[in-house]
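Visitor: Listed in order, the protein sequences are those of chains F and U. Here the first sequence is numbered in the working numbering, starting from 215 and rising by one per residue. Here the second sequence is numbered in the working numbering, starting from 215 and rising by one per residue.
Be aware that one or more of the hints could be misleading.
Because identical chains share one entry, a pair is satisfied inside a single copy or across any pair of copies.
Taking lysine to any residue and the SDA-like style, the derived pairs with C-alpha atoms no more than 20 Å apart in a straight line are [said to hold, decoys possible]: (1) Lys285 x Glu336; (2) Lys387 x Glu303; (3) Lys329 x Arg235; (4) Lys386 x Pro348; (5) Lys387 x Arg337; (6) Lys386 x Ala375; (7) Lys387 x Gly326; (8) Lys386 x Gly326; (9) Lys386 x Gln306.
Because the hints were derived from the structure by calculation, they are not lab data.
Spelled out from the first residue to the last, the chains are:
2 protein chains.
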Amino acid sequence: MHEEPEVAVLRFGHRPGRDDRMTTHVGLTARALGADRVLLPDNAGQSAETIRDITDRFGGPFEVELREDQKAVVRDWEGTVVHLTMYGERVQDVESEVREAHADEPLLIVVGGEKVPWELYERAEFNVGVTNQPHSEVAGLAVFLDRLFDGRELDREWADADRQVLPQATGKKVVDADDEA
Amino acid sequence: MHEEPEVAVLRFGHRPGRDDRMTTHVGLTARALGADRVLLPDNAGQSAETIRDITDRFGGPFEVELREDQKAVVRDWEGTVVHLTMYGERVQDVESEVREAHADEPLLIVVGGEKVPWELYERAEFNVGVTNQPHSEVAGLAVFLDRLFDGRELDREWADADRQVLPQATGKKVVDADDEA
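So that you can see chain F by itself, here it is in the shape it has in the complex (with noise of 0.2 Å):
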């Protein structure tokens, strides 16, 4: 988020149809709970195109880009590279750590789609489990998120957004986003 060092997720592997909707969901949750970008693989056109969409309309700044080097994206990362995974590091035990890392250099968020290779849990800093059972990325991320930035993502503003949604205690109200209350 805005002054501090980037956070950027990158999603490991994808099978376009099968993985469209959860590599969509990955990236907007990347960019509703504070990341600043999403690496997606190069044949997940579809979603990038759906998140990039979002983007336009309920503002920014998140950037999507698809890349075909993957793996070359997480060897050379220049900041630390934090692997989620049912197998690792219990998110409790590690997260101060990670915020302690993340306050000095860019972070990058790993998270697997298709099996992912070996030298990725030996090039992370941290292979970190969100709860050690197998549930959804999605959600991973998710908690991931909200915990890495202590709840401050949750008051992030968004800029050149066209629509606004405003919280109410029952039913919808979209607003210009000029129109802001």
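Since the structure of chain F is provided, determine the placement of chain U on it from the hints.
Guide: Only chain U this time, still in chain F's reference frame:
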């Protein structure tokens, strides 16, 4: 969780095929992050099977129910109803009030799939937005549960598991649940 009023998650609506994976992830996230039970529409049998299979292998207690009377379940719920929606009040503003309600009585968390009816907004004691941005019902549920339980869910223990993942800084370690270190 154990010795607290029940937390159930209801997945509202399901389109077989298209929604299978999202509905499965809603159920697995509910299980992993401390809910006691998930209620799925009766056309989501495949998701129910996957969630039960995971519970058999990795432990419980966790219940999966297929219900054809979703509207009635919500209407007649004896306790507090929370509806997660991007149009709702900000989670950071209402979470302590929800926590207090849950200290006294069972909580039903409704996660929208297809379009939810207006009555649901009116029936719910709380319409809650995990951000007022479009992202993922799985992500919203995950952050909501982590905040509801204040992280306690990460320390829960699992009964009747066949296998257990032991947290590792690098690599994967899965043991028979009886061999727990």
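Visitor: Please sort Lys386 with Ala375 into within, between, both or neither, judging by C-alpha distance up to 20 Å.
Guide: Only inside one copy: Lys386 and Ala375 sit 18 Å apart there, 43 Å across copies, limit 20 Å.
Visitor: Go through the copies and call it for Lys387 and Gly326: within, between, both or neither, with a Cα cutoff of 20 Å.
Guide: between (36 Å within a copy, 18 Å between copies)
Visitor: Using 20 Å as the alpha carbon limit, work out where Lys285 and Glu336 are close: within a copy, between copies, both or neither.
Guide: Within one copy only: 12 Å inside a chain, 49 Å across chains, cut-off 20 Å.
Visitor: Indicate which option fits the pair Lys387, Glu303 if close means a Cα-Cα distance not exceeding 20 Å: within, between, both or neither.
Guide: So Lys387 and Glu303 pass the 20 Å test across copies only (11 Å; inside, 41 Å).
Visitor: Classify it for me, Lys329 with Arg235: is the Cα-Cα distance of at most 20 Å met within a copy, between copies, both or neither?
Guide: For Lys329 and Arg235, both the intra-copy (18 Å) and inter-copy (17 Å) Cα distances are at most 20 Å.
Visitor: Checking Lys387 and Arg337: alpha-carbon separation at most 20 Å within a copy, between copies, both or neither?
Guide: between (45 Å within a copy, 18 Å between copies)
Visitor: Please sort Lys386 with Pro348 into within, between, both or neither, judging by C-alpha distance up to 20 Å.
Guide: Result: close only across copies, 13 Å inter versus 34 Å intra.
Visitor: At most 20 Å between CA atoms: does that hold for Lys386 and Gln306 within a copy, between copies, both, or neither?
Guide: Between copies, since 19 Å is at most 20 Å while 35 Å is not.
Visitor: Under a CA distance limit of 20 Å, which applies to Lys386 and Gly326: within one copy, between copies, both, or neither?
Guide: between (35 Å within a copy, 14 Å between copies)
In this structure, none of the earlier numbered hints is contradicted; all agree with it.
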